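A.B. asks: Chain by chain, the residues:
Number of protein chains: 2
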Amino acid sequence: MPELRKDPVTGTWVILSPERNIRPLFYLEEGENELTPENCPFCEGNESMTPPEIYALRDKRSKANQPGWQLRVIPNKYPALRVEGHLDKRGEGFYDKMNGIGAHEVVIETASHSKGMDELEVEQVRNIFLTFKRRILDLKRDIRFKYIQVFKNHGRMGGATIPHSHLQIVALPVVPVRVKERLRHAEAHFKAKDRCIFCDIIHHEQELHKRVLSENSDYIVISPFAPKLPFELVLYPKSHASSFEEAEDSIMHSLAAVFRDTIGRINKALEHPAYNLMLHNSSFDRDCKDYFHWHLEIAPIITGTGGFELGTHSYINPTPPEEAVEILKLSS
Amino acid sequence: MPELRKDPVTGTWVILSPERNIRPLFYLEEGENELTPENCPFCEGNESMTPPEIYALRDKRSKANQPGWQLRVIPNKYPALRVEGHLDKRGEGFYDKMNGIGAHEVVIETASHSKGMDELEVEQVRNIFLTFKRRILDLKRDIRFKYIQVFKNHGRMGGATIPHSHLQIVALPVVPVRVKERLRHAEAHFKAKDRCIFCDIIHHEQELHKRVLSENSDYIVISPFAPKLPFELVLYPKSHASSFEEAEDSIMHSLAAVFRDTIGRINKALEHPAYNLMLHNSSFDRDCKDYFHWHLEIAPIITGTGGFELGTHSYINPTPPEEAVEILKLSS
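First to last, the protein sequences are chains A and B. Read in numbering that gives the first Met the number 0, the first sequence has 60 at position 61, and its numbers run on one by one without any break. Read in numbering that gives the first Met the number 0, the second sequence has 288 at position 289, and its numbers run on one by one without any break.
These are computed hints drawn from the structure, not numbers from a lab. Be a bit skeptical, because a hint or two may be false.
The list makes no distinction among identical chains, and a pair is therefore deemed to hold if it is satisfied within one copy or across any two copies.
Said to hold, decoys possible - Straight-line Cα separation of at most 20 Å, DMTMM-like style, residue types lysine to aspartate or glutamate; simulated pairs:
hint	residue 1	residue 2
1	Lys328	Glu122
2	Lys227	Glu2
3	Lys209	Glu91
4	Lys227	Asp284
5	Lys328	Glu118
6	Lys5	Asp199
7	Lys5	Glu180
8	Lys139	Glu321
9	Lys5	Glu186
10	Lys5	Glu321
11	Lys114	Glu33
12	Lys328	Glu2
13	Lys192	Glu52
14	Lys96	Asp260
15	Lys139	Glu52
16	Lys227	Asp95
17	Lys192	Glu244
Predicted model only: the values in this text are computed from it and were never measured.
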C-alpha cells in the first residue's frame, strides 16, 4: 500500500509508492524510441496490455477493451495511489502520515502512436477536454478526495516514460502546498479588493496587450508577467469560472481550438519540445467560487533546472515573456 | 540588466536574465562530453577563459588568474544577477518588480577536469566548505542581500552545463518562497514547543535509527521521513546552529569527512548519478537563531519529475527512505 507522508519542515505531502519502482522505462536513450505500435501498450490492438478501461469513446459496434476506440481512460498500471481502503490518518512518532488512497488514471488521447495534440482534429481535442470534465465530476463524488491534478508529461525531459500521447489524472486526499499557496494569495486579493485576482490579470493583460498570445470569444492565452520557464503560457476562460468541470459542453470546442493552436505554435517555434501541461483547478475542501479561476498552464521544458530551483522554488529564466509572445505570434 | 519579477498568484520571485540566453551548452548529448582539459574554462591553464578570480587557494609563488591553484572562485560569466546598481523596487501596473541585483559566483572545486567530490582529498573538501563560509561572510556584508543559496548541479540531469566539478553561490535581494515556508514552519514549531524542529528531528531519528545513514561526533546524515526524491539525504550539524557561516573552522574537517563518505556511497550505490546539492541556511532579514538549523540537502536525480511535481510541489517517490538507507549503508 502506498503511503502519504508529510514533510514537517515544508508541509509538503510526499507519495511513497514502492510499486512504481517496477515500472519499465520505455525511453532508454534520448531520441531513441524503443516503442513501436506493435509493442506500445497505448496502441490499438494492445488493449490487453493495460488494466480494463474506465471509460472510452469508441465505435458503437466495438466492445470494451477491444479495438475500435478514439480515446480510452484506464487506471495507471503502476498507480502512485490506490482507490481501495481507508485513509487511516495517523502519527508515526514525531511525523504525520496516511494510507496512499487516491486515484491515478491515464487518458490515452488518440489511437495513433505518434500524433501530438496539435495534429489531432479539433473535435478530438474537444473530446479530451470533455473527458477531463467527466472524470473530474465522477472522481469528486468520492468525499475522500480533496484535489484532482490533471497533467501531461510530454517527452523525456518532461518526465514521460511512454511516448504515445497521454494525460494523467491524480485524485488526492490532501490539498498540495502549491495549490494552498495559490488559494491563499487569491483569497487575500479577493478580501482586499472584492475582485478575482485572475480576472484582474486578464483585464490588465488585455489592456497592455504585450503578453497576450491569442484570444477568442471565450478564452485567452497569456505569457505570465513572471514566468518560471521560457515560453510558459497560461490559458484562462475570460468569464470568471472557478471550476473546470462546471464549464458548459458548448464552449469546449472553443477551448479545443485555442489550445490546439497554442501547442501548434510551440511545436513550430521550439521544434517540438518536451512540455508539461497542468490544469489548475479549485480544491474541494473549501468554497473558493468567488476568488479562484481555473486555468491551464503550458510549460515547455527547454532549459534544465537544478539545485537553485529545487532549493528555493525561485526560477532563473533567460526569456522575457514579451519576447516569447512575439516569437510565438510569428509561428503559426 | 536582469529583472526580478514577482508572480502575484504564488508569491514566487522569478529572475529574468536575458543574458543567460547566450550561454553555451557544453553537454550536447547525454553521455557525450564535448569538453576536454584543453578547452574546459575551469581547467588549469585556461584561466583567461573566465572572469578574473574573486578568491583562490593557490601556491604562494603563483599569480592571480594564472596556473598554480587548487580552488578558484570566479563571477559567473553568464550571471543571473548583477552586483552593480540599485534595486529600484517598483510596480509595473498591477505587478511588482525590481532590478536584478545580486551576486552569482562559481566555486571551481579542483583543478582536475574529471574528479568528483568523493575523489578529492578530505582536506580539499574541507577547503571547499571553508570557501563557502568565507564567501557567505563577505557577501552578507552587502545589506541589499537577504538570502544566499549555495548549490551544486552535477551531471546533465542535475542541470549542469559544464562537467568540471563546481558549485554556485547566488546572493538574492529577496527571501525565496520555499525558504520563507521553511522558516514559517520552524518558527511555529518553536513557538509551540520552545524547541528547534530540526533538533527534534535529529533526536527522534537517533532514537529510531532506521533512517540514519551515518554520524560522527559533529554531524549526522539522515534520509528524511518524507523524501521528495529517491535516496535524498540531509546532513545536519548535531549541535544547534542556525547559520553555516558561524561554524568553527575546527569542525570543517569533520564535516568534509562525513560529506565525502556520503557522496562516495551515492556514487557506488547508484553508479555515479546526477545530483543536486543545496545548503539551507538562515535568511538575513530576521533573527531565526533559535528556530532555524542549517543543513545540507543531497538529492540524486535518478527519476524524472514532470507536471505533477511542477503543478503541486508534491512528489511521487518510489523508494522509501528506510530502504534507501539500507542500500547506502552497504555501499562503501
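A.B. asks: Now look at each hint and say whether the structure bears it out.
C.D. replies: Going through the hints against the structure:
In this homomeric assembly, Lys328 and Glu122 never come within 20 Å of each other (Cα to Cα): the closest approach is 24 Å inside a single copy and 55 Å across copies. Taking identical chains as interchangeable, the C-alpha atoms of Lys227 and Glu2 lie at most 20 Å apart only when they sit on different chains, with a minimum of 13 Å there against 30 Å within one chain. Proximity of Lys209 and Glu91 under a CA criterion of 20 Å is satisfied inter-copy only: 13 Å between copies versus 52 Å inside one chain copy. Proximity of Lys227 and Asp284 under a CA criterion of 20 Å is satisfied in neither setting, with 28 Å inside one chain copy and 24 Å between copies.
Taking the closest pair of Cα atoms, Lys328 and Glu118 come within 20 Å of each other only inside a single copy of the chain (19 Å); across copies the shortest separation is 50 Å, beyond that limit. For the homomeric pair Lys5 and Asp199, the shortest alpha-carbon distance between copies (16 Å) is at most 20 Å, but the shortest distance inside one copy (34 Å) is not. Proximity of Lys5 and Glu180 under a CA criterion of 20 Å is satisfied in both settings, with 16 Å inside one chain copy and 14 Å between copies. Taking CA atoms no more than 20 Å apart as the test, Lys139 paired with Glu321 passes in neither setting, with 38 Å inside one copy and 34 Å between copies.
Taking the closest pair of Cα atoms, Lys5 and Glu186 come within 20 Å of each other only across two copies (17 Å); inside a single copy the shortest separation is 24 Å, beyond that limit. Taking the closest pair of Cα atoms, Lys5 and Glu321 come within 20 Å of each other only across two copies (16 Å); inside a single copy the shortest separation is 39 Å, beyond that limit. With identical chains, the CA atoms of Lys114 and Glu33 are at most 20 Å apart within one copy only, with a shortest distance of 16 Å there and 33 Å across copies. In this homomeric assembly, Lys328 and Glu2 never come within 20 Å of each other (Cα to Cα): the closest approach is 45 Å inside a single copy and 24 Å across copies.
Taking the shortest alpha-carbon separations for Lys192 and Glu52, neither the intra-copy value of 46 Å nor the inter-copy value of 50 Å comes in at or below 20 Å. Taking identical chains as interchangeable, the C-alpha atoms of Lys96 and Asp260 are never at most 20 Å apart, the minima being 43 Å within one chain and 31 Å between chains. Taking the closest pair of Cα atoms, Lys139 and Glu52 come within 20 Å of each other only inside a single copy of the chain (19 Å); across copies the shortest separation is 58 Å, beyond that limit. In this assembly of identical chains, Lys227 and Asp95 lie within 20 Å of each other by CA distance solely across copies; the values are 15 Å between and 31 Å within a copy.
In the homo-oligomer, the alpha carbons of Lys192 and Glu244 never lie at most 20 Å apart, since the shortest distance is 27 Å inside one protomer and 43 Å across protomers.
Hint compliance for this structure: hints 1, 4, 8, 12, 13, 14 and 17 are not met, and every other hint is.
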